[in-house]
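Engineer: Listed in order, the protein sequences are those of chains C and Y. Using the numbering used here, read the first sequence as starting at 1 and increasing by one per residue. Using the numbering used here, read the second sequence as starting at 1 and increasing by one per residue.
Since the hints were made in silico from the structure, they are not lab data. Just so it is clear, CB atoms sit at the ideal spot from N, CA and C, and this is done for glycine as well. Be aware that a few hints might be false.
Residues from chain C shown here face chain Y by an in silico Cβ test under 8 Å; the list is partial [claimed, not checked]:
no.: 1; residue: 32
no.: 2; residue: 38
no.: 3; residue: 44
no.: 4; residue: 47
no.: 5; residue: 55
no.: 6; residue: 210
no.: 7; residue: 211
no.: 8; residue: 214
no.: 9; residue: 216
no.: 10; residue: 219
For reference, the chains in residue letters:
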Amino acid sequence: MKLLFNYLIFPGFLFSACVGLMAGWLERKVSARVQWRKGPPWHQNFTDIIKLTSKETILPEGAKWTFLLAPYFGLVSAVLAATMLGLALIQPGLSPSGDLIVLLYLLVMPAAALIIGASGSGNPLASVGASREMKLVLGYELPFILAVVAVVIKAGGSISLGEIVAFQAGSGSFLYSFSGFLALIVIIFCAQAKVGFAPFEVSEAEQEIMAGALIEYSGLSLAIFKLTKAVMLYTMPLFLSVLFLGKDLSFGMLTLKFIIFLVVMILIKNTNPRLRIDQAMRFFWGPVTIIALLATGLALLGK
Amino acid sequence: MDLKTKALTKSIWVFHISTGSCNNCDIEILDLLTPRFDVERFGIQLIGSVRHADVLLITGVMNKKSVPLVKKVYSQAPRPCLVVAVGQCALSQHMFRDSYNVGEPLDKILPVDLYIPGCPPKPEAMIAGIVKLVNKIRGDDGDKRVNQRKA
Chain C
1 MKLLFNYLIF PGFLFSACVG LMAGWLERKV SARVQWRKGP PWHQNFTDII
51 KLTSKETILP EGAKWTFLLA PYFGLVSAVL AATMLGLALI QPGLSPSGDL
101 IVLLYLLVMP AAALIIGASG SGNPLASVGA SREMKLVLGY ELPFILAVVA
151 VVIKAGGSIS LGEIVAFQAG SGSFLYSFSG FLALIVIIFC AQAKVGFAPF
201 EVSEAEQEIM AGALIEYSGL SLAIFKLTKA VMLYTMPLFL SVLFLGKDLS
251 FGMLTLKFII FLVVMILIKN TNPRLRIDQA MRFFWGPVTI IALLATGLAL
301 LGK
Chain Y
1 MDLKTKALTK SIWVFHISTG SCNNCDIEIL DLLTPRFDVE RFGIQLIGSV
51 RHADVLLITG VMNKKSVPLV KKVYSQAPRP CLVVAVGQCA LSQHMFRDSY
101 NVGEPLDKIL PVDLYIPGCP PKPEAMIAGI VKLVNKIRGD DGDKRVNQRK
151 A
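All chains, full assembly: derive it from the sequences and hints.
Structural biologist: Right under this line is the structure:
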């Protein structure tokens, strides 16, 4: 019963979705201010979701059964990731060993759901989006995992979020070391790709392939995808704060760190043009992987 | 007025169809997204896929090639979906009325909810039109109409 409460209300679905939608509003507002506009009101993303649920859901001709199932698959995994991260913060002592590994798997699932759904929709532009998303996942997973490995090495080989937080509470945040700093740079770029922000939004490029993977989705299914994105937008900055600034995780400080990481990601989004998929791959497998390897090496040396 | 209708009027996603316009209206439409007018503060967004659309925004005169395409695009949009005609060409076929390749007028093909005249209409005129559309959806008349479309 308590697990169900944790999963559905706090810190799971309801909480993470609400915070994620507010984070989405912050993204739109900061983007608007960067472009010298006024920006939408705070409830805009909630309004969008409510409106989408009232719209018709169209099943395109030739769509497979995975088309309607994929959004739920992505949302369930993203919410599970948010719940695990939240529980590790609330009760660090009770966090199970190896939940970091599970979290890494769960964070890939929304991208997998997008690929499955787009492939099931039978639309050529959606398949272009799906193939780009697939390549992007292949690109960013390698440096992402390498950077997380650097953090694990620094935490004395612990693969539990609770222990990583406890270790940082004892010996200071990982950000203030060479390897931690390099790993943070790597993970911010990977997080950018994971939440689908520019410069790595090729799979949902609105101008070239008309929303790409999401092209055939309408109504409730689209709302579920937007919610998945919101939950990811809540999870990734929180994950960054836990891994790299885990020293003081009281409510106020955690909120501050969350907003700082979020705003950094938003500013990267607003100051960079969209990369082509080959440029993104070259970027991730080239400089980013090298930095991640460097971070891992430095972590092994204890720097 | 229920919550869903209110949400619809606060978050209008626009799909833009040019049925053979001279691009003048289209440029004025893009003006609405610039810092000077910024319709995103009312939740209005231009979107890429017709499956996400709440409003089809149609510019230009309907010629014989674009008539079947516009019908197809309208049938692909999820209900409730409103249609807005922008510019004199979409309204009255303007100076192309007697041309050899002009098809049927727009409102003989689709149920048009809002006409915005002008060649091209000013951005202010379009915003005034959007306000009228929102009032229409929120008012009794508009409410009924949206519900009828849904059914």
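Engineer: For each hint, tell me whether it holds in the structure or not.
Structural biologist: We went through each hint and held it up to the structure:
no. : hint : result
1   : 32   : holds (7 Å)
2   : 38   : holds (5 Å)
3   : 44   : holds (5 Å)
4   : 47   : holds (5 Å)
5   : 55   : holds (5 Å)
6   : 210  : holds (4 Å)
7   : 211  : holds (4 Å)
8   : 214  : holds (7 Å)
9   : 216  : holds (6 Å)
10  : 219  : holds (6 Å)
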